[in-house]
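**Student:** Heads up: the sequence lines are chains F and E, in that order. Following this note's numbering, the residues of the first sequence are numbered contiguously, the last one being 114. Following this note's numbering, the residues of the second sequence are numbered contiguously, the last one being 109.
None of these hints come from the bench; they were simulated from the model. Glycine is no exception: its CB is placed at the ideal position from the N, C-alpha and C atoms. Mixed in with the good hints, there may be bad ones.
[Claimed, not checked] Part of the chain E face toward chain F, derived, beta carbon under 10 Å: (1) Gln-6; (2) Gly-16; (3) Thr-20; (4) Tyr-22; (5) Gly-41; (6) Val-84; (7) Thr-86; (8) Phe-99; (9) Thr-106.
[Unchecked claim] Away from chain E, derived, C-beta distances all over 12 Å, residues of chain F: (10) Ser-7; (11) Phe-47; (12) Leu-81; (13) Leu-88; (14) Thr-101; (15) Val-113.
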Amino acid sequence: DAGVTQSPTHLIKTRGQHVTLRCSPISGHKSVSWYQQVLGQGPQFIFQYYEKEERGRGNFPDRFSARQFPNYSSELNVNALLLGDSALYLCASSWGFTTGTEAFFGQGTRLTVV
Amino acid sequence: GQQVMQIPQYQHVQEGEDFTTYCNSSTTLSNIQWYKQRPGGHPVFLIQLVKSGEVKKQKRLTFQFGEAKKNSSLHITATQTTDVGTYFCAGPNGSRLTFGEGTQLTVNP
């Protein structure tokens, strides 16, 4: 059974550009969450989607947006990239809406903004 | 908002020595989760503690949840080089997990 898959694995973008990151959750999981992990820090929550609806949003600017598709896969979009957006972007899937069960993380997308 | 703090930030040990990382939350937690992230990897779930005062063991790893459900610890007995990585605790906050900053463990063979 496939785990959480993210694409691409690495990405280099220029300041001001737009980026789209993709995530496919574990089969049967309806919840997808996005986290940003800056080097040397813990993951920071960006969004949670459950049953295609946004259920939580972290303290990130409106340049960050996301959506979940009918097959429960998800996209994270970041507009007007800044150097500070350089980070590892992690997608996590889980069974339910709440954080009462373990989160399964994908391998992440390493975004570098130059 | 909820804050989760971990100490120490770094720990260097000789293989065979013990290791402990501590986690404290600014709020009472319904549960606490521990994750391990190997260098260049992604966080991998280790365990979830739910009950006040709960202690769980996984081979050489011992996890504790404080009586007040605001603190937790992870103890590794007789570290091995395979234990290298960053250990994170995470507390639920609504639909999100709030992660600590992690403790980076290095093990010298």
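**Student:** Give me the numbers of the hints this structure contradicts, sorted from smallest to largest.
**Tutor:** Failing hints, ascending: 2, 3, 4, 6, 9, 11, 13 and 14.
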